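Residues per chain, in single letters:
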Amino acid sequence: MSKLFSITEEPISIEQTVSLVSSRNAGAINTFIGTVREFTKGKRTLYLEYQAYAAMAEAKLAEIGQEINQKWPETKTAITHRVGKLDIEDIAVVIAVSSPHRGDSYEASRYAIERIKEIVPIWKKEHWEDGEEWIGNQLETKSYRKGTPSEEDLI
Amino acid sequence: MSKLFSITEEPISIEQTVSLVSSRNAGAINTFIGTVREFTKGKRTLYLEYQAYAAMAEAKLAEIGQEINQKWPETKTAITHRVGKLDIEDIAVVIAVSSPHRGDSYEASRYAIERIKEIVPIWKKEHWEDGEEWIGNQLETKSYRKGTPSEEDLI
Amino acid sequence: MNKILFFAALQEKAGKESIELDVSGKSVKQVKEFVAQEYGLAKINESMTAINEEFAASDDVIQENDVIAFIPPVSGG
Amino acid sequence: MNKILFFAALQEKAGKESIELDVSGKSVKQVKEFVAQEYGLAKINESMTAINEEFAASDDVIQENDVIAFIPPVSGG
Numbered sequence: 012m013s014k015l016f017s018i019t020e021e022p023i024s025i026e027q028t029v030s031l032v033s034s035r036n037a038g039a040i041n042t043f044i045g046t047v048r049e050f051t052k053g054k055r056t057l058y059l060e061y062q063a064y065a066a067m068a069e070a071k072l073a074e075i076g077q078e079i080n081q082k083w084p085e086t087k088t089a090i091t092h093r094v095g096k097l098d099i100e101d102i103a104v105v106i107a108v109s110s111p112h113r114g115d116s117y118e119a120s121r122y123a124i125e126r127i128k129e130i131v132p133i134w135k136k137e138h139w140e141d142g143e144e145w146i147g148n149q150l151e152t153k154s155y156r157k158g159t160p161s162e163e164d165l166i
Numbered sequence: 012m013s014k015l016f017s018i019t020e021e022p023i024s025i026e027q028t029v030s031l032v033s034s035r036n037a038g039a040i041n042t043f044i045g046t047v048r049e050f051t052k053g054k055r056t057l058y059l060e061y062q063a064y065a066a067m068a069e070a071k072l073a074e075i076g077q078e079i080n081q082k083w084p085e086t087k088t089a090i091t092h093r094v095g096k097l098d099i100e101d102i103a104v105v106i107a108v109s110s111p112h113r114g115d116s117y118e119a120s121r122y123a124i125e126r127i128k129e130i131v132p133i134w135k136k137e138h139w140e141d142g143e144e145w146i147g148n149q150l151e152t153k154s155y156r157k158g159t160p161s162e163e164d165l166i
Numbered sequence: 002m003n004k005i006l007f008f009a010a011l012q013e014k015a016g017k018e019s020i021e022l023d024v025s026g027k028s029v030k031q032v033k034e035f036v037a038q039e040y041g042l043a044k045i046n047e048s049m050t051a052i053n054e055e056f057a058a059s060d061d062v063i064q065e066n067d068v069i070a071f072i073p074p075v076s077g078g
Numbered sequence: 002m003n004k005i006l007f008f009a010a011l012q013e014k015a016g017k018e019s020i021e022l023d024v025s026g027k028s029v030k031q032v033k034e035f036v037a038q039e040y041g042l043a044k045i046n047e048s049m050t051a052i053n054e055e056f057a058a059s060d061d062v063i064q065e066n067d068v069i070a071f072i073p074p075v076s077g078g
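For the protein sequence lines, the chains are H, S, Z and Y, in the order given. The C-terminal residue of the first sequence carries number 166 in our numbering, and the numbering is unbroken. The C-terminal residue of the second sequence carries number 166 in our numbering, and the numbering is unbroken. The C-terminal residue of the third sequence carries number 78 in our numbering, and the numbering is unbroken. The C-terminal residue of the fourth sequence carries number 78 in our numbering, and the numbering is unbroken.
The set of hints was computed from the structure by calculation and includes no laboratory data. Among these hints, one or two may not hold up.
[Unchecked claim] With a straight-line Cα cutoff of 25 Å, these simulated SDA-like cross-link-like pairs (lysine to any residue) come out:
#1 Y:44 with Y:6
#2 Z:14 with Z:49
#3 Y:27 with Y:64
#4 Z:17 with Z:38
#5 Z:17 with S:143
#6 S:54 with S:139
#7 S:52 with H:85
#8 Y:14 with H:144
#9 Y:33 with H:148
#10 H:136 with Y:49
#11 Z:17 with S:58
#12 Y:14 with H:142
#13 H:14 with S:24
#14 Z:33 with S:96
#15 H:52 with H:137
#16 S:136 with S:17
#17 Z:17 with S:70
#18 Y:44 with H:95
#19 S:136 with H:36
#20 S:96 with H:142
#21 H:96 with S:34
#22 H:96 with S:27
[Claimed, not checked] Selected chain Y positions facing chain H (in silico; Cβ < 10 Å):
#23 3
#24 6
#25 9
#26 10
#27 13
#28 47
#29 51
#30 54
#31 55
#32 72
#33 74
#34 77
#35 78
Values in this document were obtained by computation on a predicted structure and should not be read as measured data. Backbone N, C-alpha and C define an ideal beta-carbon position, used for all residues, glycine too.
Assemble the whole structure, with the sequences as input and the hints as a guide.
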């Protein structure tokens, strides 16, 4: 858990992910925590299963970190994504971005989650009372290699 | 620390603030953590001292929570602000906003920190090697009762 | 009787956290002027005023037992 | 020899996590077509392909020992 960009089978500690980016130069740390929601469009989820192509996923998370460093040079980013079976309210992903000023930390954090949903090889299988399904691209676009998420995605 | 909106003299636990807003209906929790930065405009800070009009500050934090509920009805917000002497890298404030979808959690979290800097009676005194000073309104405006932060503040 | 609270730079300048003073019937503006003169707190003009933990306008009138607080520009977060 | 990895729905459909196959000299497109037919994986057309953990274009050519992975639309986060 001391890697900046990691895929883990263990529960994620928010404090630990934050501590990876905390620094004397930071005045702001934005954290995004993705959790398992019970109802989606009225349908009840029992639990989720996440699978990753772990080595490539960690490389892609690190690539997102590099993209962020280019766009917001004074930021520092850490991302941990969990795989395996997750229950309702469990934490699937924690993104932490520190920066001297708060604006950058918000923007970079938002950028990170959008990019994860575009380029990081992680998949989610929803288990409902009456079935199960591997969920496809939730950005509802099949283009993976756009440089940035569209304006619409970010609003 | 079990209050949604609180002023405390103790170190703030991020996990605890997050747990106040976590729910089965949330899919996203955005957290903003304000930390003590060592250098501001090239000047080295040794430590900070925060003071609050605690009762009014908690009431104003709760008011911000109500404003957020009106603007983003499905969100839940918790804010903890620390007072007393804080060293470099210490956490001064933790804002946590949960929501079913991520966009709202980012927007509401950003709104919360801007509003804190406008209407919550908390003051910061900077201690440098060669002096000390109570810091004034960092939004650089003297209007406290604007309904919302200006567009410019939010970018 | 009324309690008047000082914070931050005002508190240091006044040398105390609060004073007791009967200012009922006076406007916020009048209280500010009186306190500014009495305690040498010129900066009080840059402060907001709260009555019973709620921001008040300068022509609001103080009632018996109201708690008044001068709120310098805030810098939390 | 090349290793070919399946994930998510493709893995379930194929009934295995990976196969070993010599596809060096073939393009990504050719490998997709072959695997789609051989394993009944029509959905492979909606997938991206990675060669050695990097996204590849359909006309990229597989080299000896390359690891190929089919990446269905991702849904992390």
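Hints versus structure:
Among the hinted pairs, residue 44 of chain Y with residue 6 of chain Y is consistent with the structure: their alpha-carbon atoms are about 15 Å apart, no more than 25 Å. In summary, the hint linking residue 14 of chain Z to residue 49 of chain Z is supported, as the alpha carbons are separated by about 17 Å, within the 25 Å threshold. A threshold of 25 Å between alpha carbons decides the hint, and for residue 27 of chain Y with residue 64 of chain Y the separation of about 8 Å falls inside it, so the pair holds. Under the criterion of a C-alpha separation no larger than 25 Å, the hint pairing residue 17 of chain Z with residue 38 of chain Z is consistent with the structure, at around 16 Å.
Restraint check for residue 17 of chain Z and residue 143 of chain S: the C-alpha separation of about 19 Å stays at or below 25 Å, so the hint holds. Of the supplied pair hints, the one linking residue 54 of chain S and residue 139 of chain S holds, its CA atoms being roughly 8 Å apart against a limit of 25 Å. The straight-line distance between the Cα atoms of residue 52 of chain S and residue 85 of chain H is roughly 14 Å, inside the 25 Å bound, and the hint therefore holds. Between residue 14 of chain Y and residue 144 of chain H, the direct Cα distance comes to roughly 12 Å. Compliance with the 25 Å bound is thereby established for this hinted pair.
For the hint linking residue 33 of chain Y to residue 148 of chain H, the alpha-carbon distance of about 20 Å falls within 25 Å, and the restraint holds. Restraint check for residue 136 of chain H and residue 49 of chain Y: the C-alpha separation of about 19 Å stays at or below 25 Å, so the hint holds. A threshold of 25 Å between alpha carbons decides the hint, and for residue 17 of chain Z with residue 58 of chain S the separation of about 23 Å falls inside it, so the pair holds. For the suggested pair residue 14 of chain Y and residue 142 of chain H, the alpha carbons sit about 16 Å apart, so the restraint of at most 25 Å is met.
A C-alpha spacing of about 22 Å is found between residue 14 of chain H and residue 24 of chain S, which places the hinted pair at or below 25 Å, so the restraint holds. Taking the CA atoms of residue 33 of chain Z and residue 96 of chain S, the gap is about 30 Å. The hint is violated against a cut of 25 Å. Using a Cα cut-off of 25 Å, the hinted pair residue 52 of chain H and residue 137 of chain H holds, with the two alpha carbons roughly 13 Å apart. Simply put, residue 136 of chain S and residue 17 of chain S have alpha-carbon atoms about 20 Å apart, close enough for the 25 Å limit, and the pair holds.
A threshold of 25 Å between alpha carbons decides the hint, and for residue 17 of chain Z with residue 70 of chain S the separation of about 24 Å falls inside it, so the pair holds. Restraint check for residue 44 of chain Y and residue 95 of chain H: satisfied, since their Cα atoms lie roughly 23 Å apart, inside the 25 Å limit. At most 25 Å may separate the alpha-carbon atoms for a hinted pair to count; residue 136 of chain S and residue 36 of chain H meet this at roughly 18 Å. For a cut-off of 25 Å, the pair hint linking residue 96 of chain S to residue 142 of chain H is broken: about 55 Å separates their Cα positions.
Taking the CA atoms of residue 96 of chain H and residue 34 of chain S, the gap is about 18 Å. The hint holds against a cut of 25 Å. With a C-alpha separation of about 24 Å, the suggested pair residue 96 of chain H and residue 27 of chain S falls inside the 25 Å cut-off, and the hint holds. For the restraint placing residue 3 of chain Y at the interface with chain H, the shortest Cβ-Cβ distance is roughly 16 Å, beyond the 10 Å limit, so the hint is violated. For residue 6 of chain Y, the interface hint holds, the least distance from its beta-carbon to any beta-carbon of chain H being 7 Å, beneath 10 Å.
Residue-level restraint check for residue 9 of chain Y holds (minimum Cβ-Cβ distance to chain H is 4 Å; threshold 10 Å). The closest approach between the C-beta of residue 10 of chain Y and any C-beta of chain H is roughly 4 Å, which is under the 10 Å cut-off, so the hint is satisfied. Annotation: residue 13 of chain Y was flagged as interfacial toward chain H, and the flag holds, the nearest CB pair being 8 Å apart, inside 10 Å. A least Cβ separation of about 7 Å between residue 47 of chain Y and chain H falls short of the 10 Å threshold, and the interface hint therefore holds.
The beta carbon of residue 51 of chain Y is positioned within 10 Å of a beta carbon in chain H (closest approach about 6 Å), and the interface hint is therefore held. A hinted interface residue such as residue 54 of chain Y counts as satisfied when its beta carbon comes closer than 10 Å to some beta carbon of chain H; here the least separation is about 4 Å, so the hint holds. This hint holds: residue 55 of chain Y has a C-beta 8 Å from the nearest C-beta of chain H, less than the 10 Å allowed. Hint status for residue 72 of chain Y relative to chain H: holds, with the closest Cβ pair at about 5 Å, below 10 Å.
The restraint placing residue 74 of chain Y at the interface with chain H holds, with a minimum CB-CB distance near 3 Å, inside the 10 Å limit. Annotation: residue 77 of chain Y was flagged as interfacial toward chain H, and the flag holds, the nearest CB pair being 3 Å apart, inside 10 Å. Proximity of residue 78 of chain Y to chain H holds as hinted, the smallest CB-CB distance being about 5 Å (cut-off 10 Å).
Against the hints set out earlier in the document, violations occur for numbers 14, 20 and 23.
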